[in-house]
Amino acid sequence: MIGIATAVDVAALKDTTLLNMGVFGLFVAVTMVIVFRASRNNKTAADYYAAGRSFTGSQNGTAIAGDYLSAASFLGITGAIAINGYDGFMYSIGFLVAWLVALLLVAELLRNTGKFTMADVLSFRLRQRPVRIAAAISTLVVCFFYLLAQMAGAGSLVSLLLGISDWGGQALVIIVVGGLMIMYVLIGGMKGTTWVQIIKAVLLIAGAAVMTLWVLAIYGFNLSSLLGAAVETANNPAVLNPGLQYGKTETSKLDFMSLGLALVLGTAALPHVLMRFYTVPTAKEARKSVVWAIWLIGLFYLFTLVLGYGAAALVGPETIRTAPGGVNAAAPLLAFYLGGPLLLGFISAVAFATILAVVAGLTITAAASFAHDIYASVISKGKADADTEVKVARRTVVVIGILAILGGILANGQNVAFLVALAFAVAASANLPTIVYSLFWRKFTTQGAVWSMYGGLGAAIVLIIFSPVVSGGATSMIKDANFAIFPLSNPGIVSIPLAFFLGWLGTVLDKRREDTAKQAEMEVRSLTGVGAEKAVNH
Amino acid sequence: MGNDAHTPDAAASVDFEQVQSTEQFQELRKRHRSFVFPMAIAFLLWYFAYVLLADYAVGFMSTKVWGNINVGLILGLLQFVSTFAITSWYVSYSNRRLDPIAAEIRDEIEGHEFDKDGNRVGGVNK
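Protein chains in written order, with my numbering: chain A, 42 to 579; chain B, 112 to 237.
Keep in mind that the hints were calculated from the coordinates and are not lab data. Keep in mind that a hint or two might mislead.
[Claimed, not checked] Residues of chain A placed beyond 12 Å of chain B at every Cβ, according to the derived structure:
#1 135
#2 207
#3 210
#4 254
#5 255
#6 285
#7 338
#8 432
#9 433
#10 495
#11 560
#12 563
[To be verified] Selected chain B positions facing chain A (Cβ under 10 Å, derived; list incomplete):
#13 131
#14 159
#15 181
#16 198
#17 202
We treat Cβ as the ideally placed atom computed from N, Cα and C, and that holds for glycine.
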């Protein structure tokens, strides 16, 4: 056992830094060229935000998979399985099953009724101003939480590659990532970002496939032997059973339920995923892209099971825990064990590009939401021309980039999948009830939407602030203080039902009735696709 | 309408309440809901049953079935299988039962709205 564990010499990683960085630099250079080429056609707002609605279903599906398979899926889940065994597998299952909510209830209907952002749909038949502002605020908050997670992943990854374990060095790394990200989005817009997502998704899935086959080959393509080896290295048969992380107390069991709820309901409410449905020409293509994404994402999450237990068996939980980058370093360490510095360089470059691309996708969503929903529709009351709107979006990118850098420095060191699950909880609380109600409930009113969105968003954020995530724990953001009066680390089990309840309560107590003609229009359009935004031809 | 952002010209003067009340549209709505609602409830129940088992029936989930492969792992992998199956099922249902009728309604509305040169014919449906 000890022999296997020391086979990964973490200190030796430093010697391969040049190679890692060389492979990474090459990848960035290639994608930048593609972004430049793709962005030559960025003329209108539809081009900038929705890539001219010119992508095919399979292209867009690959891009969705690219958006979705972030650092959380690759670094976070692999690490969670390697250290917590079966409980980590919960992330894979929740993240995948959640796509059925998007496929059955949201994707096509949304494509048919919206234009650029989630707020377009939510405010379709309700009063514009209050709903748009609420939707834009929740979009910004969800993107911020998601960005935190990606930045924490970037910090872990690069600190492992460069052997940087001091706070200042990692902060510098995060600043560099942020700078690159801002450049990507400013130059490329949605079209450039979509191409980056496509390339990166293909590389990530291919890389994970190679590693999965490699690990399986070591154990004679026998999953049972792999699991046995993981038990042996960890010296703990419980890694194969549920409950290693969440089974300790009644509170932690409740936390597991909360996580499960947030994972399955979060996806269909993530603004950057919703925005992807607008980059295709029709609802049918939106459906195709979700189906394509489900297959790719499902395949990838099957790989994470093997990679997680593979890292547990071949690298060992102890080595992972003590390496620079900690739990998030499991996948790169496994790559190093399997293929030495070359595979590590490739896998790290892909993981790095993953973070960069996801961050770009998130930033453009947040920027579009601010420019389109708050600036164009509320501040300038629809009088802003498209050029000004794009200009505001670009400035928002810069501001959000800076916020993401600061947040990333704070969140550094926590498991990325866990941090992303917080973004899922916030999204499911703030957005999902209103999305579902406004698509399916005829009587739903503005007051219901506003209560549900602010209530869900507020509850989720307040519960996170007073949870062990922020204070009172070994990996908390603020280690020296303890104001964690809410015991669960994921707020979903409280805030999601509360948001659904508030949406109902606000509606039944609302004395105003909404425009029935608008409701009819929304329903007819959502199901038939009449008058939906068409592709932009160049 | 107060909502210019969502009202492309193609649908500007359609009487949607009238379309909504047609038998054809009600049929489409019924077909859509009678598939997606039961299916959504079914997969959510199955998913939460799985989460509850993993949370509170650790002994059962840890039962070894074949080598080191236990009930928990098999149920987890079955979640993948059911997700893929429901996805395929929905696609074939949409192609057969939803898309044709949606296209019919769409053609009807858009056909009324435009003359053959693609210019809008003002307010015929109002």
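Going down the list of hints, with the structure as the test:
The beta carbon of residue 135/A sits about 8 Å from the closest Cβ of chain B, which is not more than 12 Å, so the claim that it is off the interface is violated. Annotated as non-interface, residue 207/A keeps its C-beta farther than 12 Å from every C-beta of chain B; the closest such distance is 39 Å. Once the 12 Å rule is applied to beta carbons, residue 210/A is consistent with being away from chain B; the minimum gap is 39 Å. Residue 254/A, annotated as away from the interface, keeps every beta carbon of chain B farther than 12 Å; the closest lies near 18 Å.
At the 12 Å boundary, the C-beta of residue 255/A stays outside the reach of chain B, the nearest C-beta of that chain being 20 Å off. The non-interface label for residue 285/A is inconsistent with chain B: the shortest C-beta to C-beta separation is roughly 10 Å, within 12 Å. Look at residue 338/A: its CB is around 10 Å from the nearest CB on chain B, not clear of 12 Å, so calling it non-interface is violated. Separation of residue 432/A from chain B is adequate, the least Cβ-Cβ distance of about 18 Å exceeding the 12 Å criterion.
The beta carbon of residue 433/A is kept farther than 12 Å from every beta carbon of chain B, the shortest such distance being approximately 16 Å. Against chain B, the non-interface label of residue 495/A holds: every CB pair exceeds 12 Å, the least being about 22 Å. The beta carbon of residue 560/A sits about 8 Å from the closest Cβ of chain B, which is not more than 12 Å, so the claim that it is off the interface is violated. At roughly 8 Å from the closest C-beta of chain B, the C-beta of residue 563/A falls inside 12 Å, breaking its exclusion from the interface.
The beta carbon of residue 131/B comes within 4 Å of a beta carbon in chain A, closer than 10 Å, and the hint placing it at the interface holds. Because the beta carbon of residue 159/B sits about 7 Å from the nearest beta carbon in chain A, less than 10 Å, this interface hint is met. At its closest, the beta carbon of residue 181/B sits 6 Å from a beta carbon of chain A; the interface hint therefore holds under the 10 Å criterion. Interface hint status for residue 198/B: upheld, as the beta-carbon distance to the closest one in chain A is roughly 5 Å, under 10 Å.
Here the hint on residue 202/B is kept, as its CB sits about 6 Å from the closest CB of chain A, short of 10 Å.
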